[in-house]
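Quick note, the sequences are listed as chains A and B, same order. Using the working numbering, you'd call the opening residue of the first sequence number 275 and step up by one each time. Using the working numbering, you'd call the opening residue of the second sequence number 275 and step up by one each time.
Just so you know, the hints here were simulated from the structure itself, not pulled from any lab data. Where hints are given, some of them may not hold.
Put simply, identical chains are the same to the list, so a pair is met inside one copy or across any two.
[What the hints assert, rightly or not] Capping the alpha-carbon separation at 20 Å, the derived lysine to any residue pairs in SDA-like fashion look like this:
no., residue 1, residue 2
1, Lys707, Ala499
2, Lys707, Glu502
3, Lys707, Glu314
4, Lys707, Pro436
5, Lys707, Pro459
Protein chains: 2
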Amino acid sequence: MPLNETHAPDLRSWVPSANVADSDFPIQNLPFGVFRRPGETARTGVAIGEEIFDLQAGVANGLFEGEALRAAEAAGGEDLTPLLALEPGPASALRRRLSELLRDAGPARAEAEALASRLLVRMTDAEMVLPVRVRQFSDMCVSTFHIGRFAGNDERGQPITPPVFRTLPVGYDGRASSVVISGTPVRRPNGTWLAEGATTPQFGPEPRQDYELEIGIWFGGPGNALGEPISIQNASRSIFGYCLLNDWSARGIQMWEAMLGPFLGKSLATTISPWIVTAEALAPFRAPALARPEDDPQTPRQLWCEHDQTEGGIAIVLEALISSAAMVRDGFSPHRLCQTDFRQMYWTPAQMLAHHASNGCAFAAGDLLGSGTCSGPSEDAAACLFEKLLAGPWTLPTDEVRTWLEDEDTVILRGRAEREGYVGIGFGEATGKLLPAHALHTSA
Amino acid sequence: MPLNETHAPDLRSWVPSANVADSDFPIQNLPFGVFRRPGETARTGVAIGEEIFDLQAGVANGLFEGEALRAAEAAGGEDLTPLLALEPGPASALRRRLSELLRDAGPARAEAEALASRLLVRMTDAEMVLPVRVRQFSDMCVSTFHIGRFAGNDERGQPITPPVFRTLPVGYDGRASSVVISGTPVRRPNGTWLAEGATTPQFGPEPRQDYELEIGIWFGGPGNALGEPISIQNASRSIFGYCLLNDWSARGIQMWEAMLGPFLGKSLATTISPWIVTAEALAPFRAPALARPEDDPQTPRQLWCEHDQTEGGIAIVLEALISSAAMVRDGFSPHRLCQTDFRQMYWTPAQMLAHHASNGCAFAAGDLLGSGTCSGPSEDAAACLFEKLLAGPWTLPTDEVRTWLEDEDTVILRGRAEREGYVGIGFGEATGKLLPAHALHTSA
Numbered sequence: 275m276p277l278n279e280t281h282a283p284d285l286r287s288w289v290p291s292a293n294v295a296d297s298d299f300p301i302q303n304l305p306f307g308v309f310r311r312p313g314e315t316a317r318t319g320v321a322i323g324e325e326i327f328d329l330q331a332g333v334a335n336g337l338f339e340g341e342a343l344r345a346a347e348a349a350g351g352e353d354l355t356p357l358l359a360l361e362p363g364p365a366s367a368l369r370r371r372l373s374e375l376l377r378d379a380g381p382a383r384a385e386a387e388a389l390a391s392r393l394l395v396r397m398t399d400a401e402m403v404l405p406v407r408v409r410q411f412s413d414m415c416v417s418t419f420h421i422g423r424f425a426g427n428d429e430r431g432q433p434i435t436p437p438v439f440r441t442l443p444v445g446y447d448g449r450a451s452s453v454v455i456s457g458t459p460v461r462r463p464n465g466t467w468l469a470e471g472a473t474t475p476q477f478g479p480e481p482r483q484d485y486e487l488e489i490g491i492w493f494g495g496p497g498n499a500l501g502e503p504i505s506i507q508n509a510s511r512s513i514f515g516y517c518l519l520n521d522w523s524a525r526g527i528q529m530w531e532a533m534l535g536p537f538l539g540k541s542l543a544t545t546i547s548p549w550i551v552t553a554e555a556l557a558p559f560r561a562p563a564l565a566r567p568e569d570d571p572q573t574p575r576q577l578w579c580e581h582d583q584t585e586g587g588i589a590i591v592l593e594a595l596i597s598s599a600a601m602v603r604d605g606f607s608p609h610r611l612c613q614t615d616f617r618q619m620y621w622t623p624a625q626m627l628a629h630h631a632s633n634g635c636a637f638a639a640g641d642l643l644g645s646g647t648c649s650g651p652s653e654d655a656a657a658c659l660f661e662k663l664l665a666g667p668w669t670l671p672t673d674e675v676r677t678w679l680e681d682e683d684t685v686i687l688r689g690r691a692e693r694e695g696y697v698g699i700g701f702g703e704a705t706g707k708l709l710p711a712h713a714l715h716t717s718a
Numbered sequence: 275m276p277l278n279e280t281h282a283p284d285l286r287s288w289v290p291s292a293n294v295a296d297s298d299f300p301i302q303n304l305p306f307g308v309f310r311r312p313g314e315t316a317r318t319g320v321a322i323g324e325e326i327f328d329l330q331a332g333v334a335n336g337l338f339e340g341e342a343l344r345a346a347e348a349a350g351g352e353d354l355t356p357l358l359a360l361e362p363g364p365a366s367a368l369r370r371r372l373s374e375l376l377r378d379a380g381p382a383r384a385e386a387e388a389l390a391s392r393l394l395v396r397m398t399d400a401e402m403v404l405p406v407r408v409r410q411f412s413d414m415c416v417s418t419f420h421i422g423r424f425a426g427n428d429e430r431g432q433p434i435t436p437p438v439f440r441t442l443p444v445g446y447d448g449r450a451s452s453v454v455i456s457g458t459p460v461r462r463p464n465g466t467w468l469a470e471g472a473t474t475p476q477f478g479p480e481p482r483q484d485y486e487l488e489i490g491i492w493f494g495g496p497g498n499a500l501g502e503p504i505s506i507q508n509a510s511r512s513i514f515g516y517c518l519l520n521d522w523s524a525r526g527i528q529m530w531e532a533m534l535g536p537f538l539g540k541s542l543a544t545t546i547s548p549w550i551v552t553a554e555a556l557a558p559f560r561a562p563a564l565a566r567p568e569d570d571p572q573t574p575r576q577l578w579c580e581h582d583q584t585e586g587g588i589a590i591v592l593e594a595l596i597s598s599a600a601m602v603r604d605g606f607s608p609h610r611l612c613q614t615d616f617r618q619m620y621w622t623p624a625q626m627l628a629h630h631a632s633n634g635c636a637f638a639a640g641d642l643l644g645s646g647t648c649s650g651p652s653e654d655a656a657a658c659l660f661e662k663l664l665a666g667p668w669t670l671p672t673d674e675v676r677t678w679l680e681d682e683d684t685v686i687l688r689g690r691a692e693r694e695g696y697v698g699i700g701f702g703e704a705t706g707k708l709l710p711a712h713a714l715h716t717s718a
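Build out the structure end to end from the sequences listed, making use of the hints.
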């Protein structure tokens, strides 16, 4: 995707909080989301610093025209699906116009700044809601390091993966009704699992509750009809944007039920960050597809194209943090569980989508793909506890010794794209606090 | 579910085709569906013999009141979701009223028959469309005979199944966007599979295209919030009705990709029959839950309740038939592939739902569960080709020798509930014709 004036590193905004160093939402980002002020219906907006630009206020005040207006009007409801369903042009025009309106030097500043009190809502005055009614959620598994952590390395020093892993991006269909917005508490599930040393399973609160640090991929465009694949050439422009995604995983349930893959071990909850960081905003941070180790199978023809090989990856530094009840009580900052880079995935987002649609599976706006756990090679880059625990229990700043998640733990995901010579952009947060399991009925 | 006057075996309709022996849609059935006449928008209706009762014509002519009217008005759009989302009462009241209106003896006959030309649409004058926009589709696996066909029997004479199978109803999340209405052609997928004897996979048209004969289960009621399970006591009244379901299965793709369970091997298409046969209509055909063989694990407490044990099963005779291009050309009737009984499933529909929601997974109207392949113990009851082929290739009346499905084959599912002393009811058909795979792009 070519860079344009919206990516220029010297752009600054007249919204002061957008110019703070390391802000997630400088004027180069402009992600879309849906917010709600107390007692009002939800509205669509764009993050700028610590403010939200109210898109319908922009429409009402006549700030948009042409393709930009078409995009803003598509975002006129309580949900961004109609915006995502457009071809990429209108959203791109809207981005350019928002950049003009919000930059500190330029002809549109005066017009916008005069309306600031009508256009801008402080993030602290609003709650974020799901940006899109999730139509379908599927989850891929594309980190060799995630899989290889359990199996070790082969004689080439490469993570050992099942044969299928290097021939296609493995995935499974998940549960859309389980996708919740950052901040939603997550209930520890009851389920069927095998206690250590037991040979028959029991039903009760999941003892091995885990998180998984992932990137979420939002499908964009009019979609394909059932039976019609999406080629690798067309796949990248069918991705509207990205978010953070915590694929909460109940390992006891998952391991016992696994005959047909992940099911109830996953459908308890999937937490996403509220802002859709557009593929266009991420253009400066594109990277070549991961180089395949020598002796790996060649990239399959149906998943190979020039532009995906040269810029199909994305450099996004991801981290997961935890905050226990005791940490909150004693005033500790969240503790980092891992740090990893989305660039190290074996398959690109376009490859994930092209593979997923290769059998004719139908996609439309509202579809969300998870990348799978984004683990990297180092021990610090183990992006779930299942991997982290291979090195044994770990310790919080409060000296609490931990294995799996405990009730009242909050897991926080963060992500940020950086590149020398460009202004870095962030994803905000995907957080969730684990609530105790419901008590089982003990009466007959 | 108690029987009432709508189930009475002596009821006959003034619609003559409803009284024909072995009609799928006698007055005791009254299933809901969505139909469209050429050039019109879709409308909701109820099958009676070879006619469709137009529900909104009934509303417009003042035939309903009270709870029955509430149900008919909920079905006022192009989709039955709002009807399914109600508590069971209104749909039951509507059924009682429809039964009064359509029966040949009774006070409401004159009123309805006088309006017949406005109320009734011949099935041959309409096409059926999806009755519900499928929100989520998941598929279970609850036939010991399906699994055991591959593994053989144990020393008790019971099918050998993985340990998990007898401790909970195994399942996986599927793809809602792949669900199509009976009659929709199905495209053979391209995908990645291992040819016999090969060690590296290839990408191309699926060589082992299969069908699976299943029952579809339509969720009904207001649904549960994420994190709140549905108890086995409440599960059966959260099932609105049933349909036939062909879970088209690409075995080559499925076998190669299987690391995280079924995915692209399944999401090519899932065909359902158009009529939702209500749980209430099936009340006379309920059967006890399958008796567990001695030495099997006990029914888990969270999946056990008295009424599900005594009437959680349903006796539905199911069959799959095939019609090849040559059979059509030469005038042969469809050829039976298998005949089986839904009563032989190891887990009941209520157990499938209660298990699925046991971790707090959220359900709502629009959710569809597949039962998994409904195979029975006999060789004739192998409800997919993967099982049938264990006995070797099979032959069509045209002397065509077959293994997997071939292009232009049509697969037809039928189902019928019968019980001594009651009028049997049918499901109509779920049919699909297999189209050739798309040609691969051979250019670079």
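Do the hints match the structure? See the list:
no.: 1; hint: Lys707 / Ala499; result: between (39 Å within a copy, 17 Å between copies)
no.: 2; hint: Lys707 / Glu502; result: between (41 Å within a copy, 16 Å between copies)
no.: 3; hint: Lys707 / Glu314; result: neither (26 Å within a copy, 50 Å between copies)
no.: 4; hint: Lys707 / Pro436; result: neither (34 Å within a copy, 35 Å between copies)
no.: 5; hint: Lys707 / Pro459; result: within (5 Å within a copy, 46 Å between copies)
This entry does not satisfy hints 3 and 4, going by the numbered hints stated previously.
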